[in-house]
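Chemist: Listed below, chain by chain, are the residues.
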Amino acid sequence: MTAAREASRPKVVIVGAGPAGMRAAETLVGAGLHPVIIDEGARAGGQIYRRPPEGFTRSPEQLYGSEAAKARALHALFDRMAADGLLTHHPRRSVVAVRDGQLHVLAENGVQAIGYDRLILATGASDRVAPVPGWQSAGVYSLGAAQIALKAQGVALGRRIVLMGTGPLLTLVGAQLLKAGAQVAAVLDTSPWHQQMKGLPGLAARPAVMLRGLVLRARLGTRYRAGVVLERIETDPDGPVAVRWRDSGGRENRTECDMVGMGWHLRAETHLADLTGCAFSYDRQWHQWLPQADRLGRAGNGIYLAGDGVRLLGADGAETAGRLAAAACLADLGRQAPAVDAGLRELARLERFARGVSRAFPWPAAMTRGLPDDTIVCRCENVTAGMVRASVALGGGEANRVKSLSRLGMGRCQGRYCQLAGADLVAAQAGCSPDAVGRFRGQAPVRPTPIGALLHEG
Amino acid sequence: MISDGRIVRLAERDRPPVRFSLDGVPCHALEGDTVLTAVLASARAVRVSEFGPEPRAGFCLMGACQDCWVWQEEGPRLRACSMPIAEGMRLRTLPPEDWP
Ligand SMILES: Cc1cc2nc3c(=O)[nH]c(=O)nc-3n(C[C@H](O)[C@H](O)[C@H](O)COP(=O)(O)OP(=O)(O)OC[C@H]3O[C@@H](n4cnc5c(N)ncnc54)[C@H](O)[C@@H]3O)c2cc1C
Ligand code: FES
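Just so you know, the sequences run in chain order A and B. Counting in this note's numbering, the first sequence runs from 1 upward without gaps. Counting in this note's numbering, the second sequence runs from 1 upward without gaps.
Please keep in mind that the hints were generated in silico from the structure rather than gathered at the bench. Ideal placement from N, C-alpha and C gives every residue a C-beta, glycine not left out. Don't take each hint at face value.
[Said to hold, decoys possible] Not everything, but these chain B residues come out facing chain A in the computed CB check (under 10 Å):
| hint | residue |
| --- | --- |
| 1 | V8 |
| 2 | L10 |
| 3 | T34 |
| 4 | C81 |
| 5 | S82 |
| 6 | E87 |
| 7 | R90 |
| 8 | R92 |
Produce the entire structure from the sequences given, and follow the hints as far as they go.
Modeler: Here's what the structure looks like:
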């Protein structure tokens, strides 16, 4: 290609090489563009299709189970596009800020600026976590962490494991750990059966997926308990020693363990969307703030959002959303864009299913509102529920005021793991709903960045 | 395979060994381990919390929580869950003495 033609091609940058980012890249390449795709991972794949380091030997069937064919297809597609020079892949790099049409990208040797004409954010999600007394202890992990350890490293994070929370990942991780030979003592679901039944009409939009979930759940046997009330994680200076919980009949239980995995479905990763100035709205069903975009993922100002970072539709939905966002981008650039009708219909079906999931496996708002005062809510800086409540008494029920008074959300995770529970506590104390509390404003850098790297930015 | 640390290796055990040190004690891990896996194969934590009594051993393993930062004898701190272990790394769970 001549330099002149190269220069005339608009520069589209994609952040995130999960299913959404990879399909967006494919669609852009198909239209003759050369996208740049940036991801923190060493190899493209994202969360569900995360690949172990080179030299590991388990097959995709062992790693991804029923989703192995999809994983193979996506990895092969991406590796082929990269090998053929159809895109530029920047692995092991974190986008830490977005400003004036430029991404600030942290690599091992410092921060680099990468300009874009259009930006597709496919940043995925992380576990939606609720505090449980004792969760700050070493040896308590997110459910996703337990899965990543198994998938990418072939290890269990403890000898005797208790999983707690709710959602598809709870059952899945339990079944995956058992199959791999880990000792799983209990899988404690805070959603009661009658609540799970309410999700059925939505879940029926994907009967095969629902059935697969039930089969996995059956493999857990009596380890799986629904409608559990979590009391606390008992710890010694070394880590967890047991979980105290009550069953659906109110009976007290104590399960010994040395590792806990926790998660209540997913929380969209929205920090970069926030920095680009996207509007947000509170979604009551998902119990979180989500960036706003049109059906194709257009968020305005040349920004497009795709995948779990904007709507929690799962991996298949992420593939479709990635294609649609790229199609919108191409149309806006005045280029030939692929048809979108079939993709939009598919998204509508997946949306019905996802609504069923959110109904069946809700955020444990009653639990977070009732946390004892000495429970740590921010595990970065050990801010307690009592400190959050006291800051409401002092400064009122607005998220950013609570943040500056209590330091909630100021720690190294930047509020990713405390904001939702914090908003519940504030809402309960101020007598309003969590959306009236507002949300923490996103701040750059979205990942800790050494001062030296920022000073030498070039 | 049970270790002295936190983790249990369930698969991918036939990888070449890598030597490193933690708080001056020689340890070994396997090629392809992250720094976090390597440390937790031998120890119960990667650092001590600045805000409370508990040791910390990572939380998310996906670069989102920053709970897993570990010190080196020299050079910058590492995010243990996303950095591969390398032969000869010298790690420590406490900040070096000259850290302000
Ligand atoms: C830990 C975890 C485990 C999961 N496991 C399963 C599972 O087993 N089965 C299932 O059906 N679903 C699973 N899910 C849900 C699943 O992740 C999604 O449905 C699917 O992967 C979403 O695809 P995506 O492309 O939107 O995002 P992801 O696959 O999450 O990809 C997002 C990518 O963006 C990158 N990224 C984010 N921020 C930055 C930044 N600032 N700089 C650089 N790169 C960045 C990340 O490194 C990541 O690779 C899991 C989710 C999580 C969080
Ligand atoms: S464990 Fe969360 S960033 Fe490493």
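Chemist: Do the numbers back the hint for R90 (chain B), that is, is its least Cβ distance to chain A under 10 Å?
Modeler: violated (18 Å)
Chemist: When the nearest CB of chain A is found for L10 (chain B), is that gap smaller than 10 Å?
Modeler: Nearest chain A Cβ about 5 Å off; hint holds.
Chemist: S82 (chain B) was flagged as interface toward chain A. Is the shortest Cβ-Cβ separation under 10 Å?
Modeler: With a closest approach of 7 Å, the S82 (chain B) hint holds.
Chemist: Can you verify the interface hint for E87 (chain B): is its Cβ closer than 10 Å to any Cβ in chain A?
Modeler: violated (15 Å)
Chemist: Would the hint on V8 (chain B) be counted as holding, given a Cβ-Cβ threshold of 10 Å to chain A?
Modeler: Hint holds; V8 (chain B) Cβ to chain A Cβ min 4 Å, cut 10 Å.
Chemist: Against chain A, with CB atoms and a cut of 10 Å, does the hint on C81 (chain B) hold up?
Modeler: holds (8 Å)
Chemist: For the hint on T34 (chain B), does the least C-beta distance to chain A fall short of 10 Å?
Modeler: Status holds, d = 7 Å.
Chemist: Is the shortest C-beta separation between R92 (chain B) and chain A less than 10 Å?
Modeler: With Cβ-Cβ at 16 Å, over 10 Å, it is violated.
When each numbered hint is compared with the structure, violations occur for hints 6, 7, 8.
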